[in-house]
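**Q** Chain order of the listed sequences is A and B.
Residues in the first sequence are numbered consecutively from 1, following this note's numbering.
Residues in the second sequence are numbered consecutively from 1, following this note's numbering.
Among the hints, a few may not be true.
A short, non-exhaustive set of chain B residues, derived as facing chain A with CB atoms under 10 Å [to be verified]:
| hint | residue |
| --- | --- |
| 1 | K8 |
| 2 | N89 |
| 3 | L121 |
Cross-link-like lysine-lysine pairs, in silico, DSBU-like; alpha carbons within 30 Å at most [to be verified]:
| hint | chain 1 | residue 1 | chain 2 | residue 2 |
| --- | --- | --- | --- | --- |
| 4 | B | K70 | A | K5 |
| 5 | A | K4 | A | K223 |
| 6 | A | K4 | B | K160 |
By construction, these hints were calculated from the structure, which means they are not laboratory data.
All values reported here derive from a predicted model rather than from experimental measurement.
Even glycine gets a Cβ: it sits at the ideal position worked out from N, Cα and C.
Protein chains: 2
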Amino acid sequence: MAVKKVGKQTVKFKNPPTVLSVASIVGPKEREGPLGNYFDKTVSDDIFNEKSWEKAESKFIKEAICLATKKALMNIQDIDYMLGGDLLNQLMSTNFAARDMQIPFYGLFSACSTLTESLGLGSKIIDGGYADYVVVSTASHFATAERQFRNPLELGNQRKLTAQWTVTGSGAAILSRKGHGPYITYVTTGKVIDLGINDVNNMGAAMAPAAVNTIVNHFKDTKSMPSDYDLIVTGDLGKIGREIAIELLEKENYKVEEDKFIDCGVEIFNHDCQDTHAGGSGAGCCAVVFCGYLFKQLVNKECNHILLVATGALLSTTSCQQGESIPSIAHAVSIKMVL
Amino acid sequence: MAVKKVGKQTVKFKNPPTVLSVASIVGPKEREGPLGNYFDKTVSDDIFNEKSWEKAESKFIKEAICLATKKALMNIQDIDYMLGGDLLNQLMSTNFAARDMQIPFYGLFSACSTLTESLGLGSKIIDGGYADYVVVSTASHFATAERQFRNPLELGNQRKLTAQWTVTGSGAAILSRKGHGPYITYVTTGKVIDLGINDVNNMGAAMAPAAVNTIVNHFKDTKSMPSDYDLIVTGDLGKIGREIAIELLEKENYKVEEDKFIDCGVEIFNHDCQDTHAGGSGAGCCAVVFCGYLFKQLVNKECNHILLVATGALLSTTSCQQGESIPSIAHAVSIKMVL
Chain A
1 MAVKKVGKQT
11 VKFKNPPTVL
21 SVASIVGPKE
31 REGPLGNYFD
41 KTVSDDIFNE
51 KSWEKAESKF
61 IKEAICLATK
71 KALMNIQDID
81 YMLGGDLLNQ
91 LMSTNFAARD
101 MQIPFYGLFS
111 ACSTLTESLG
121 LGSKIIDGGY
131 ADYVVVSTAS
141 HFATAERQFR
151 NPLELGNQRK
161 LTAQWTVTGS
171 GAAILSRKGH
181 GPYITYVTTG
191 KVIDLGINDV
201 NNMGAAMAPA
211 AVNTIVNHFK
221 DTKSMPSDYD
231 LIVTGDLGKI
241 GREIAIELLE
251 KENYKVEEDK
261 FIDCGVEIFN
271 HDCQDTHAGG
281 SGAGCCAVVF
291 CGYLFKQLVN
301 KECNHILLVA
311 TGALLSTTSC
321 QQGESIPSIA
331 HAVSIKMVL
Chain B
1 MAVKKVGKQT
11 VKFKNPPTVL
21 SVASIVGPKE
31 REGPLGNYFD
41 KTVSDDIFNE
51 KSWEKAESKF
61 IKEAICLATK
71 KALMNIQDID
81 YMLGGDLLNQ
91 LMSTNFAARD
101 MQIPFYGLFS
111 ACSTLTESLG
121 LGSKIIDGGY
131 ADYVVVSTAS
141 HFATAERQFR
151 NPLELGNQRK
161 LTAQWTVTGS
171 GAAILSRKGH
181 GPYITYVTTG
191 KVIDLGINDV
201 NNMGAAMAPA
211 AVNTIVNHFK
221 DTKSMPSDYD
231 LIVTGDLGKI
241 GREIAIELLE
251 KENYKVEEDK
261 FIDCGVEIFN
271 HDCQDTHAGG
281 SGAGCCAVVF
291 CGYLFKQLVN
301 KECNHILLVA
311 TGALLSTTSC
321 QQGESIPSIA
331 HAVSIKMVL
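Let the sequences and hints guide you as you build the complete structure.
**A** And the structure:
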């Protein structure tokens, strides 16, 4: 078999997997944002009738997977693999969701870039001939992230203006060997990039260089240009990280049009009235924006070619306490409605 | 392309990847165990000249990867992907090791079964034609695991007799498209199994049903029997979990010979004098036993066919505090020296 490597970090699929169906489910704050109408389901209370926020996060994942499966007119047992992860220690919410699914499961961790890590590996599993159907899912939850990474919500701490707001929600996508698109055409796998940013309240600045590294290597590997894409979509750089990324891309001689370079963390909340400061974040942010909004843009032919680049800050509370800077990573998948 | 699925959970490789080289590096306690002479390198102090145990764990990973690369007469930049993980929150030790490697990186979490999750996905990436070389690595560290999951070491808490001792060490393996074996022939991906065990001091009992589920499904999918393997090797069931697994296999009508069904957690320590109670555990346990001991058994033709089944308990401290039982998973890879 011929090696499908294209350049250093990218693979091109011979039989591009189709994104067969998607589902997104969010909390009330995400419903109130500009993309609110695009999500399949909204929960009126973040606790989702569960006994803990972590169990609620797990339920978000299960519901998203079940809904995506139902939309594809399938049963969960028809799916060969589940791939995914979340931000919780030891992937608590994903592991407990996988317990209920009872299909072969690969747990992945790439912080907020886990969606595109999962889409990339899932696509390789499909195109490689190892599966007919794969479901990928990622999630995050404002309350579980705050108490694990920051402070108890009850303290009511003031947030810095550079900080981002973790999205409560989960997105799930079913990939298939056969279908009529949108197709995943290329995957560019990221390297860990760390330029020494150590402000945990400014993750956008830490992640922007990783996003740019992956995007530039994707352009080089595939011999493409920003103008080849209708949209370049980063995961959760937020307002500050997005601006840095655009500037860094210019330094690399890639000029992007402002309205064609969007960030899921910027799009999901209304910055004038939702008090989310630099924007949304979390492994669920990119997932619900892709599964809610972007997928519909592709299917409705509002746009044809998207470069989706989820971004992850690979810090832990321990690494910060030990004075470490914030290593970051970004994985890209190129998605086309019409090949 | 033909789908390479075999049965429900297994894939068979058309071009089985070769394990080109391996390296293992351990702490002093592991060096004193029965397999001590098989490891490539021993550190005299678990802190490994670093400022924290977590940074030491990360250094174990880097050294193992660098040594495996050197043994293969390669440079790290010749390798297409790094895959791996550890037990720390947000994979701290693996992410920081990946930062120094500067190659495309997939972070994986499957607790102590991350080695075979990585070998399985890495093999699919190779056989699928997406890479020529992949390095997989996993690690654990007694001191980082104790303080994250249990108690500060300084407390000197007494350990229960069913408890296991987290192995300090890391193993790395380079997979290649071309080579002369040992070959990875089949991969069976596990499902999350939870029979309701909630004693965090008895992980062997929690993981045994997951190991048996994967082993039985591997046998069924590949139409094989225990007698087809020279060794069936579980990851870290320990003494208690191993006995339960043998009993459960018998209930499924698979009779295994006691000396051909070994467990890395049982083999790595001397149970008469090392005070490790039910045996070793951790994502590094299976990694150093495979990369140190088992690989040499294969290459020296002491045995030809191994079923390696790393086992993982997918709990977190939060899930335990919330009264949850311990979901577990096991992934199997079948490895043959002569096809």
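**Q** All the hints need checking, so say for each whether the structure fits it.
**A** Hints versus structure:
1. K8: holds, 8 Å
2. N89: With Cβ-Cβ at 4 Å, under 10 Å, it holds.
3. L121: This hint holds: L121 of chain B lies near chain A, its Cβ roughly 6 Å from the closest one there, short of 10 Å.
4. B:K70 with A:K5: Holds, because 24 Å separates the two Cα atoms, which is no more than 30 Å.
5. A:K4 with A:K223: Holds, because 15 Å separates the two Cα atoms, which is no more than 30 Å.
6. A:K4 with B:K160: Since the Cα atoms of K4 of chain A and K160 of chain B sit roughly 51 Å apart, the hinted pair is violated (cutoff 30 Å).
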